[in-house]
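S.K.: For the protein sequence lines, the chains are A and B, in the order given. Each residue of the first sequence is one higher than the last, beginning at 1 in my numbering. Each residue of the second sequence is one higher than the last, beginning at 1001 in my numbering.
Treat the hints with caution; some may be incorrect.
With a cut-off of at most 16 Å between alpha-carbon atoms, the simulated EDC-like pairs for lysine to aspartate or glutamate come out as follows [stated by the list, open to error]:
id, chain 1, residue 1, chain 2, residue 2
1, A, 83, B, 1114
2, A, 83, A, 103
3, B, 1046, A, 72
4, A, 81, A, 47
5, A, 52, A, 70
6, A, 25, A, 14
7, B, 1046, A, 92
8, B, 1046, A, 109
9, A, 83, A, 109
10, A, 81, B, 1031
11, A, 25, A, 47
12, A, 83, A, 16
13, A, 52, A, 80
14, A, 9, A, 92
15, B, 1046, A, 91
Honestly, the hints are just simulated from the structure, not real lab data.
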Amino acid sequence: MARISVEGKDLVVEVEGMDRLWSLKSRLTIPLAHVRGATADPGIVGDGQGMKLGGARIPGVIVAGTFRQDGERVFWDVHDKAKAVVIELQDDRYARLVVEVADPRATVELVERSRAQS
Amino acid sequence: MARPKSFSTEQLLPLALACFTAGGYEGTSIDDLVQALHVHRGSLYKEFGSKRGLFLAVLQDYVRSTLPLAIAAAVSGPGDAFDTLTAGSDLDLLLIAGIERGHTDPQVAALVGEALRQLDGIAGSAPALAMLGARLGRRLLPTGRYQSDTTVEEGI
């Protein structure tokens, strides 16, 4: 699970609890200018993650860490795929983030609105 | 290297339009879109950024290309042009955009406004918005996607 907020001109992703351990990350700060959008997408987990570069993957239980799929680096932190949100990035070390959040709809709105205003 | 792009945006927009028209905005999942557009999920995100980004691209193309053609065809055909348009599915995306997204998304609201101004030109003395609410509401309510107390005006 991750908590997503906007601080100034940055999107901040805070990885919560033990997921920090599995994903090897506790906090990602991404300029809003690098954020192209956010989408609630439970189906993305079923597509697989490609090669694990660092982190943990137990199918059906957890996907956390950095993976490479189709030549793109993707950061994952998902237990419950129903709450997965995809945040598409550009000019960043990650092509996209796939993170579980408490309220996917509210997170998608926050990211899309903040992008529009930045 | 990322997977090379094997499609053009122009090819995808009509397919996505059909998807959103059939399922509405909220009711259309990325799974639905990936299946209908025959593209990889990553390619879809890379091209449009998000579901909202794709919807905005679809709506803009609809308002600036599809709708003017439909209006021109209705005006040159027999009978009342507005009746012709509202009898078919030509305006469904406009109504979906207005009701589902118009009140929360300023960019959608702007495009819906642009479409309504085009329709005002052929709606005679009554504003296109009022006529849309009355006629298209009756068309879409039976689908069960919208409650009867939802009006087009709320969405604009």
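S.K.: For every hint, state whether the structure bears it out.
M.R.: These are the hints, each one checked on the structure:
1. 83(A) with 1114(B): Not satisfied, since the Cα-Cα distance of roughly 35 Å exceeds 16 Å.
2. 83(A) with 103(A): Distance ~7 Å between residue 83(A) and residue 103(A) Cα, so the pair holds.
3. 1046(B) with 72(A): 11 Å, holds
4. 81(A) with 47(A): 11 Å, holds
5. 52(A) with 70(A): 12 Å, holds
6. 25(A) with 14(A): Holds, because 9 Å separates the two Cα atoms, which is no more than 16 Å.
7. 1046(B) with 92(A): Satisfied, since the Cα-Cα distance of roughly 13 Å is no more than 16 Å.
8. 1046(B) with 109(A): Status violated; Cα separation ~19 Å.
9. 83(A) with 109(A): 14 Å, holds
10. 81(A) with 1031(B): It holds: about 13 Å lies between the C-alpha atoms, which stays within 16 Å.
11. 25(A) with 47(A): 23 Å, violated
12. 83(A) with 16(A): 15 Å, holds
13. 52(A) with 80(A): 19 Å, violated
14. 9(A) with 92(A): 15 Å, holds
15. 1046(B) with 91(A): 12 Å, holds
In this structure, the hints that do not hold are numbers 1, 8, 11 and 13, in rising order.
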